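Build the full structure now, drawing on both the sequences and the hints.
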Amino acid sequence: MALMNLITAINHTLDLAMAQDESVVVFGEDVGLEGGVFRATVGLQEKYGQQRCFDTPLAESAIVGSAIGMAVNGLRPVAEIQFSGFVYPAFNQIISHVARMRNRTRGQRTLPLVIRMPHGGGIRALEHHSESLDTFFGHIPGLKVVVPSTPYDAKGLLLAAIRDDDPVMFLEPSKIYRAFRQEVPEEDYTIPIGKAKVLKPGTDLTVVSWGAYIHEVLKAEQILQEEGIDLEIIDLRTISPIDRDTIIESVQKTGRFVVVHEAARSFGPGAELITLVNEGAFLHLEAPPTRLAGFDITIPLPRGEHHYFLDAQRIANGIRQVAHF
Amino acid sequence: MLIQEYGPLKGQMLQIMDENGVIQKPHLVPELSDQEWLELYKAMLLTRSADNKALQLQRQGRMLTYAPNTGQEAAQVGPAAAMGKQDWLVPAFRELGAWLHRGVDLKTVYLYWYGNEYGSHFAEGVKVLPIAVPIGTQVHHAVGIAMASSIKGEDDVTVTYIGDGGTSTGDFSEALNFAGVFNAPVVFIVQNNQYAISVSRQKQTKAETLVQKAVAAGIPGILVDGNDLFAMYAAAKDAIDRARLGGGPTLIEAYTYRLGAHTTSDDPTKYREDSEVAEWQPKDPLLRMKAYLINKGVWSEEQDAALSDEYGEYALAVFREVEEEGDPQLEDLFKYNFREMPAHLREQYEQYVQYLEGKVK
Ligand SMILES: Cc1ncc(C[n+]2csc(CCOP(=O)(O)OP(=O)(O)O)c2C)c(N)n1
Chain A
144 MALMNLITAI NHTLDLAMAQ DESVVVFGED VGLEGGVFRA TVGLQEKYGQ
194 QRCFDTPLAE SAIVGSAIGM AVNGLRPVAE IQFSGFVYPA FNQIISHVAR
244 MRNRTRGQRT LPLVIRMPHG GGIRALEHHS ESLDTFFGHI PGLKVVVPST
294 PYDAKGLLLA AIRDDDPVMF LEPSKIYRAF RQEVPEEDYT IPIGKAKVLK
344 PGTDLTVVSW GAYIHEVLKA EQILQEEGID LEIIDLRTIS PIDRDTIIES
394 VQKTGRFVVV HEAARSFGPG AELITLVNEG AFLHLEAPPT RLAGFDITIP
444 LPRGEHHYFL DAQRIANGIR QVAHF
Chain B
1220 MLIQEYGPLK GQMLQIMDEN GVIQKPHLVP ELSDQEWLEL YKAMLLTRSA
1270 DNKALQLQRQ GRMLTYAPNT GQEAAQVGPA AAMGKQDWLV PAFRELGAWL
1320 HRGVDLKTVY LYWYGNEYGS HFAEGVKVLP IAVPIGTQVH HAVGIAMASS
1370 IKGEDDVTVT YIGDGGTSTG DFSEALNFAG VFNAPVVFIV QNNQYAISVS
1420 RQKQTKAETL VQKAVAAGIP GILVDGNDLF AMYAAAKDAI DRARLGGGPT
1470 LIEAYTYRLG AHTTSDDPTK YREDSEVAEW QPKDPLLRMK AYLINKGVWS
1520 EEQDAALSDE YGEYALAVFR EVEEEGDPQL EDLFKYNFRE MPAHLREQYE
1570 QYVQYLEGKV K
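If you read the protein sequences in the order shown, they are chains A and B. Sequential numbering from 144 applies to the first sequence in the working numbering. Sequential numbering from 1220 applies to the second sequence in the working numbering.
Hints listed in this document are in silico derivations from the structure and should not be mistaken for laboratory results. This one's a predicted model, so the numbers in the text were calculated from it and none came from an experiment. Certain hints may be false.
Covered, in the sense of this in silico footprint (three residues per stretch, anywhere, with C-beta under 8 Å from a C-beta of chain A), are these stretches of chain B [unchecked claim]: (1) 1333-1341; (2) 1371-1377; (3) 1382-1393; (4) 1545-1553.
Yeah, the Cβ is synthetic: ideal placement off N, Cα and C, and Gly gets one too.
So, in structure tokens, the structure goes:
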């Protein structure tokens, strides 16, 4: 066991994966010599050489496109996109090829690759450094989409992602890269992709969230506990494929549902989750299933971003209304 | 024509003033008076002072992230000065000298790095687009603006900037190609400051120079000492004049060096040697121009120190205003996505206002 934060856990996991499997290669902008702008890949080039951990030219489409080729040809590439807001040049590759190769070739060619990227906001960064893209990726058939919320989960999920024979978008909440440390076992373990986790059982209301927001939800839980509202909190962990059963089972028990996410409200992941709840637990509902999400606006620059991102108070406020409906 | 002599495949770099501030190619010095050169030097000095002030404020926790320009002022002020009044500027994000010279006021620039959207809202009539953070994307806009000028039969020229890292993007190659195909009156300036964050120019492309990328697109290009104000002005003037007369696009590689960090979040000692920085320090474009002006008898160290202080104080005063007024109006976060706020968005806004006023329990 060692104490790790999210970023050191990711670094440790990449190290472990590279040590175990020679086909794992890690690359992206500033990933090699510098070890990544967030230092996720620090030390890997020194340890595994420039063939396996390297800097690329500034070209996201080429980063993802070449990862496709490497995966076709027997490697397990782990590509880093420097910030989620800079993945757009690679969308063509992701949507047209990453997500489709297996289906297109009727299972003959598969793409065991991982595309990692810092995700979400609240770090007072410049424009395009705060985007939440779980909605976009979740919508594309053929992509798995994972968002860890703790160092422990990040390790288990990242190892699972690297070993998965299908492409995985691995979205790392940059706000909590260094927010807290946790005991993380040194040894190998995986956490299954597609499995949510009940963080706290409760009876009154089901809250689903993921990534950095989980920690705000946990704070909101404290506030509401004092008011006698007993939340069941589920960390979704995988956006796609979604763990339908865990959510439905919970809502059938509590009868109330709130989803909390960073991405803008309209057409966001909340819409999907509420639909699932309506389909699977409609007759158990005692209040309208509700989403607490970003406003339908461009994420503001740092001076205004606190208005966009939900804190524990606002989350508690939203949940309270559903609890008292 | 400079282009004929210094084309991309000639293996030559245009330099007019050497590293000691001595003119080596008098026949190429553009026809400006020493007083005019002094004004351009002052523009570089203002850029440097505003840069230093921003870094200082950032260290005090008063400015957010900042991307410094130190060492690249000639590559910015030279072309900006060579532009005509009606011309367009389409920046990347590290061209403070050019923005200021083209009429963007320092307060607006500081507001941007302070984290307020009004930092992209320029005074009426300023033909400058906002900073484009997604690397490489802006060059297409420049080509489009230039194409529009041609289509409308106007003779405006568009000048656009990109970094050495940016030349690796697909957008860059596509834009050069478009510009060539449509003979767009556009001038691309690559500020080759040798780094894209930690990735050195050598790792960015196997091409010997960046300017040779013009060859494949079939457009003229020229490699220029980016720390030589005379050369940057001359090359840009040449390209802009040609574009205005219907001669089409040009690619200029300004060979320069980022003396500071990538941004205030970056620690360059992780990826480059101090000795390398030390080698470039004496090539500082301000030192060279100052030496030239002092030699000419139109400037002195004393005047320089005094003006530098004055600019520093000015920059601080401007920043104080930004600190006072820099927080956005809440409604502004909602009201600019569309001409009219759609009903659902208005509802989101109003509910949030009620929450802030404590009306929602
Ligand atoms: C499409 C895209 N990818 C990555 C980034 C992150 N990033 C910001 S600046 C930068 C390096 C840019 O280098 P260069 O074009 O040489 O310009 P310079 O910073 O040297 O002025 C990177 C990778 C970005 N802004 N946009």
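For each hint, the structure was consulted:
no.	hint	result
1	1333-1341	holds (count 5)
2	1371-1377	violated (count 0)
3	1382-1393	holds (count 6)
4	1545-1553	holds (count 7)
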